[in-house]
Amino acid sequence: MIEVSRRSLRNGLRVAAIPIAGLRSVSVLLAMEAGQFFEPAGRPGVARLTAQAMLRGTTSRDARAWSDALDGLGASARLDVGSHAAVFAGQCLADDLGAFLDLIADTVLRPALAPEALEFVRSRALADLEEAKKDTRSVADETWRELVYPVGHPFRTRSIGDEDVVRTATIDEIRAYHRTGIHAAGSVLVLAGALDADRAFEVSERAFGPWAEGGTLDRPLRSVDLDGASRRAVVVPDKTQADVVLGWPGLPRTDPRFTKAQVANMVFAADTFASRAGQVVRDELGLAYYVFSTISGTAAQGPWTVRMGVNPENVERAIAVTFTELKKIRDGAVADDDLALARDKLVGELEVGRESPSGVAGMVLEAELFRLGDDHLERYPRELRSVSKADVVAIASALLPIDRYALAIAGPEIPAAS
Amino acid sequence: MIHALEARHAPVVSLWVWYHVGGRNEVPGTTGMSHFLEHMLFKGTPTHPKGDLDRLLARYGAQWNAFTNEDVTCYFETVPRDRYEVALELEADRMRNALISADEVDAERTVIVSEREGLENDPSFLLGESLQAVAFDRHPYGQGVIGSKFEIKLMTRDGLYAHYRRYYAPNNAYVVVVGDDRAETLVEKAATAFGGVGQAEIVASPLAPEPPQMGEKRLVVHRAGGALPIVQLGFHTAAASDPRAAALQALAVALAGGGGGDAASGRSSRLYRGLVERELATEVDASFGLTKDPFLFMIEATVRPGVTHAAVEAALLQELGRLADEPIDESEFARVRRGLLASVAFPSDTITWRAFRLGSLLSTGAAPSIGAWYDALAKVMPEDVQRCARDTFVERSRTVGHFIPEAG
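Taken in sequence, the protein lines are chains A and B. Position one of the first sequence corresponds to residue 296 (the numbering used here), numbered consecutively onward. Position one of the second sequence corresponds to residue 109 (the numbering used here), numbered consecutively onward.
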């Protein structure tokens with residue numbers, strides 16, 4: 296069992312500490328409710344620009360001094376914006392935990408957000424956007440989102456944002472987003488590894504105690520429902536492989552059906568080898584090197600997508616057999632062994648995931664961030680095991696309709712005869 | 109040989125089987141054969157027909173896969189502790205009993221072509237593959253690992269089977285296991301599983317040592333399939349077993365840190381400050397790989413829009429020259445050393461990565477243990493790094509590659 300100690304700071308920051316004996320390092324995850332879901336409407340890209348600008352110096356250290364201090368610890372760190380949260384993820388040696396948290400807190404609580412910092416990260420983001428236009432996976436993903444999510448929906452673009460927004464964002468906008476979006480309320484700090492829980496709470500309090508509480512944002516969104524099948528192929532010149540994204544709007548992580556959806560996802564396509572679509576597309580027919588599906592765990596209806604990399608000649612066949620496998624599931628043709636395999640795999644992964652402090656921290660973070668309950672990690676394997684064939688069929692019927700989907704293809708031209 | 113380490117922090121065991129066969133053991137006409145064979149080892153044995161293995165391991169939530177590089181082919185399973193014997197049985201079985209049928213070879217061929225085509229979509233891969241081919245005149249490292257698409261299409265079942273029988277045997281392999289049991293017990297169980305596997309007559313592959321390079325080589329790759337230009341530099345360097353290997357790793361950390369991409373760490377490194385901070389490049393990287401034979405010290409920079417290849421190449425060479433000409437000061441070296449030691453400590457806290465780290469040190473001859481490698485890194489001094497920079501970054505052993513995106 297994973298033993299979690301929890302404490303809430305007065306400003307609302309929730310801290311979870313998991314001591315793991317026999318390690319030398321600590322894995323740190325700080326999740327702030329400042330992902331795409333919380334971005335100002337119509338301004339996709341502001342959250343990521345803010346996060347990147349936060350790493351360009353604080354009110355007491357310029358960017359150079361801050362990175363000297365971080366690298367002086369030998370710590371690893373990154374700050375990424377996801378669909379739900381902006382997550383500071385890192386690892387440090389056990390003795391450095393206090394100093395590492397101080398450095399993270401400095402950049403989260405007191406970033407300088409100087410105009411030149413914005414210009415630096417803006418030009419980098421524009422270069423990344425330019426690169427993404429020639430990257431078949433990025434193009435397929437972006438195209439799929441445009442087919443599914445209406446204008447203004449936070450998941451319509453990838454977290455890198457919209458080019459116009461990146462070009463026009465002002466430093467005042469970035470500062471305002473930091474002021475209103477980066478706050479203790481709703482944030483979660485998870486520490487796992489070579490630590491003592493009481494000492495971990497103490498250094499967390501020292502680093503993050505002064506953080507403003509702020510207020511959580513409620514962002515009501517209308518349900519996303521596809522009214523038919525849509526398909527768009529984008530030619531990316533001089534590529535040899537097509538990337539395919541087939542998918543549907545999923546369901547929020549807090550939806551009581553989410554665990555059932557995870558099992559359905561595993562039966563269908565989650566794993567290249569253990570799921571139905573993977574077995575047929577790769578193993579039996581040799582149509583693709585990779586094929587897998589993911590269901591996004593976020594505050595709203597994140598993407599539920601099947602992705603594959605396929606030779607242009609094989610695109611149509613790979614898509615057709617994927618639908619065939621889905622139709623079988625919807626029709627109830629789910630072998631007992633396939634269902635048992637899916638459940639066993641998901642449960643087994645929880646056990647194997649304990650091999651690393653970052654794996655443990657990730658499991659705890661999901662439970663804390665979405666308030667799945669203090670006993671979630673203990674309940675979760677039982678919930679997975681209780682999912683029945685009827686549940687899988689019901690989920691596939693309700694959420695994976697074969698006449699309402701979005702299909703995006705990016706790469707070389709697809710041959711007409713394909 | 110069987111090597112085991114105890115790791116008691118999770119009820120998990122990670123088993124790795126390393127075969128001394130990779131791109132290094134191939135000749136023109138059979139490039140990619142070791143990698144192709146790796147795929148075929150997932151197609152079953154008489155005891156465990158195709159699919160059996162996948163489903164059995166998936167059922168345990170195992171993390172499992174395989175890879176082939178220039179020197180080795182490696183298979184691993186990280187499983188719950190009580191499934192260790194199952195993983196052993198599967199690996200011992202497929203060491204000599206893999207079914208490699210003509211039908212399965214044909215079916216898998218398209219998968220491997222697809223894997224290669226996915227790599228070809230990446231400009232960095234395309235340039236790196238070409239640079240490697242230009243940098244090596246004689247040594248098979250110039251052929252890469254995945255092989256030419258044309259040769260993949262021509263590969264035969266009989267050729268693959270002969271390759272399998274020649275290289276897959278206990279006397280051409282070693283086992284690394286890390287996990288939640290006494291090391292002696294882990295070894296005993298592995299010895300029992302592999303003890304009955306028959307040996308093969310191992311015939312050493314003919315080696316073609318690389319003659320010294322006598323001057324700079326240059327190449328250009330043009331394609332429409334990339335948006336940003338890239339500059340790569342490859343310098344002939346030392347093998348993993350060379351006494352300078354630890355200092356060369358320190359040199360890579362001094363140049364690019366351990367971060368890369370969007371990471372917040374590694375930004376105090378020379379190349380980040382000299383190119384990314386100065387808005388010449390969007391990304392930089394430097395690597396010294398642990399290999400059996402002398403390979404390449406690689407440098408890569410993605411060029412910012414509006415900046416020329418020449419400007420980035422000049423800035424890279426300037427930074428390399430500075431490291432060769434001036435000793436690193438104390439505070440910078442303290443950061444480098446810390447990053448270097450963390451690069452051993454952090455992965456070692458994950459059971460799978462601890463096993464991988466030990467296996468890669470052993471497979472290349474870099475060190476007999478993780479502790480010995482840690483000690484070697486800890487002993488590196490600033491003057492060692494400077495000496496390595498001076499010896500490595502010389503014009504005559506340099507290969508320069510430019511990726512030029514074309515309108516499309």
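The set of hints was computed from the structure by calculation and includes no laboratory data. Treat the hints with care, since some could be wrong.
Unchecked claim - Derived pair list, reagent style DSBU-like, types lysine-lysine, alpha-carbon separation capped at 35 Å:
id, chain 1, residue 1, chain 2, residue 2
1, B, LYS325, B, LYS400
2, A, LYS428, B, LYS158
3, A, LYS622, B, LYS261
4, B, LYS400, B, LYS158
5, B, LYS400, A, LYS684
What the hints assert, rightly or not - Distance windows between CB atoms, simulated:
id, chain 1, residue 1, chain 2, residue 2, range
6, B, LEU425, A, ASP397, 35 to 45 Å
7, B, LYS158, A, ASP631, 14 to 24 Å
8, B, GLN426, A, PRO532, 49 to 59 Å
9, B, GLY414, A, PRO410, 17 to 27 Å
10, A, ALA711, B, ASP499, 33 to 43 Å
11, B, LYS487, A, ASP513, 38 to 48 Å
12, B, GLU387, A, GLY337, 28 to 38 Å
13, B, ASP214, A, SER518, 41 to 51 Å
14, A, PRO532, B, ASP499, 37 to 47 Å
Stated by the list, open to error - Computed far set for chain B versus chain A, every beta-carbon distance over 10 Å:
id, residue
15, GLY159
16, ASP201
17, GLU237
18, ALA277
19, ARG430
20, ALA480
21, ASP483
Backbone N, C-alpha and C define an ideal beta-carbon position, used for all residues, glycine too.
Review point. So which of those numbered hints doesn't the model satisfy?
Key: Numbers 2, 5, 8, 10, 11 and 15, in rising order.
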